[in-house]
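Number of protein chains: 2
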Amino acid sequence: MTKGRRMKKLLIGGTHGNEWTGIYLLEYFAKFEDYDECVLANPKAFQQNKRFVDEDLNRCFSQEKIQDPGTVYERARAADLVEKIKKVDLLVDLHTTTSNMGPTVIFSQKSREVYQVLAYVQKNYPEVKFLFNPDPNKQYMISHAKLGFVIEVGPVANSCLKADVFESSKKIAKLISQAVSSQISLPESLEFYAYEMKIDYKYDENSKLASMVHLDVQGKDFVPLRRGQAVLQDFYAKDIVVDGVEGLFPVFINEAAYYNYKYALQLVKKELWPRP
Amino acid sequence: MTKGRRMKKLLIGGTHGNEWTGIYLLEYFAKFEDYDECVLANPKAFQQNKRFVDEDLNRCFSQEKIQDPGTVYERARAADLVEKIKKVDLLVDLHTTTSNMGPTVIFSQKSREVYQVLAYVQKNYPEVKFLFNPDPNKQYMISHAKLGFVIEVGPVANSCLKADVFESSKKIAKLISQAVSSQISLPESLEFYAYEMKIDYKYDENSKLASMVHLDVQGKDFVPLRRGQAVLQDFYAKDIVVDGVEGLFPVFINEAAYYNYKYALQLVKKELWPRP
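Those sequence lines, one after another, are chains Y and X.
Residues 1404 to 1679 (the numbering used here) are what the first sequence spells out, left to right.
Residues 1404 to 1679 (the numbering used here) are what the second sequence spells out, left to right.
Excised from the complex, chain Y in its bound form (with noise of 0.2 Å):
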């Protein structure tokens, strides 16, 4: 993948300021050259001890956002970034979540690039799972790369460092590092999941919280939903049950930072690539 010349290599942590391992891992890879350049990309969130300052980083990478800043401070921080990106050939995006997807790769776009390195991550690190998630408005900062990929991995809780969560998330890095600048020889096919549909919390008439993620559900991510099993429970322990979703595998499933979203997991769906 290498065509004659050194890839220029990128390195982003800190996107959510309170996802501590990709922060500590800036400092861990600035003393090795896996990346040409480790960038805290969101200092005054981290400094504040908090997901975002004024706007989810991670979703002001849209073109509209990035020319109309105003007063936002990860807009503005979104444009440099950008200008970063721009000038690198492979971008590294680490994030955590406090749901147990145990260690997974993000990918926007789909292209012979993408397909090889996913091959190479998987060859080397085979629990590693690949979440597919289109990006249509280019809101996520990987989207604004030729070759971007999200590392994603839990469960770990904001504002904490977790020994298996920086570990896994280390690995990850540096295979993507090496699968650019490595030749193997590439699968038949790739599994991976398809973003398909959120499930919402149930909140009652004052628009207060009033459910959360089912017992059974809770932690099984990538773990199939079975016919009539309940998704979430109220407060009482009784059941809710969504309809529509057997055989779909549920993600992200009580990610802390989606409740602003109102959203208590994400369902996907497994599907074959072949090769490209």
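A couple of the hints might just be wrong.
You can't tell identical chains apart in this list, so a pair holds if it fits in one copy or across any two.
[To be verified] Simulated crosslink set (DSS-like; lysine-lysine; CA at most 30 Å straight-line):
{"id": "1", "residue 1": "K1526", "residue 2": "K1468"}
{"id": "2", "residue 1": "K1453", "residue 2": "K1611"}
{"id": "3", "residue 1": "K1605", "residue 2": "K1489"}
{"id": "4", "residue 1": "K1574", "residue 2": "K1611"}
{"id": "5", "residue 1": "K1605", "residue 2": "K1574"}
{"id": "6", "residue 1": "K1574", "residue 2": "K1641"}
{"id": "7", "residue 1": "K1434", "residue 2": "K1665"}
{"id": "8", "residue 1": "K1453", "residue 2": "K1574"}
It should be emphasised that the hints constitute simulated quantities derived from the structure, not laboratory data.
A quick note: this is a predicted structure, and the numbers were derived from the prediction, not measured.
Fit chain X to the known structure of chain Y by using the hints.
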């Protein structure tokens, strides 16, 4: 324990504004008669979805801080809450932790009444562990009650509800309420864990965090440390051994809020409390 008249019982939630379990349990208990009053301790912190606004409320109950609130929101709040607490016989304060503590009850004073309550909880919910945390400066809320207990359950990330933690906290809160109106034959002794010491994180020469809880210790609350076992590891996966901790039990392992206090875990020892 009723001594002829009905005991007045107060349930407090949201002493820490990002520990949602207690906050939503207040609404649950408002519909039942287990507690006479259910009070949200730190509404401003909950509104802002953080642990506290100015100062950790559960460190604001010392005489000095209550008498000299200045402009500290939590100190004024502590003064108000003490007035409420003085008028009741039982106080239960609901907390959660990002540590894998399971169901835990914390008490700060030893008396026959405390013994009776713990014995009742143990009989009906044997998995619950008891933590003795003396509070000579009376900085914690429960120290101002005739009879006070903290319910501390984990793991759950901040600003999240988790069904197992929610149901477990609910069950303990019900049992403590029942305990003070019930007669049981007291066991000969009760097992509990008594606070011994803290283990600090390691920092680099620039005072930046340079370690995390060791992979083999993470999540192992109440599992005694072995001889020579590493308690921390640095970001290069190198073990950090701490001397003199063999046989002690780690608790509050990797509690998010304790990064502020720079410690990674507390160590407790197991003790037997003979029937008073």
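Problem set entry | Hints violated by the structure (numbers, ascending) | The structure breaks hints 1 and 3; every other hint is satisfied.
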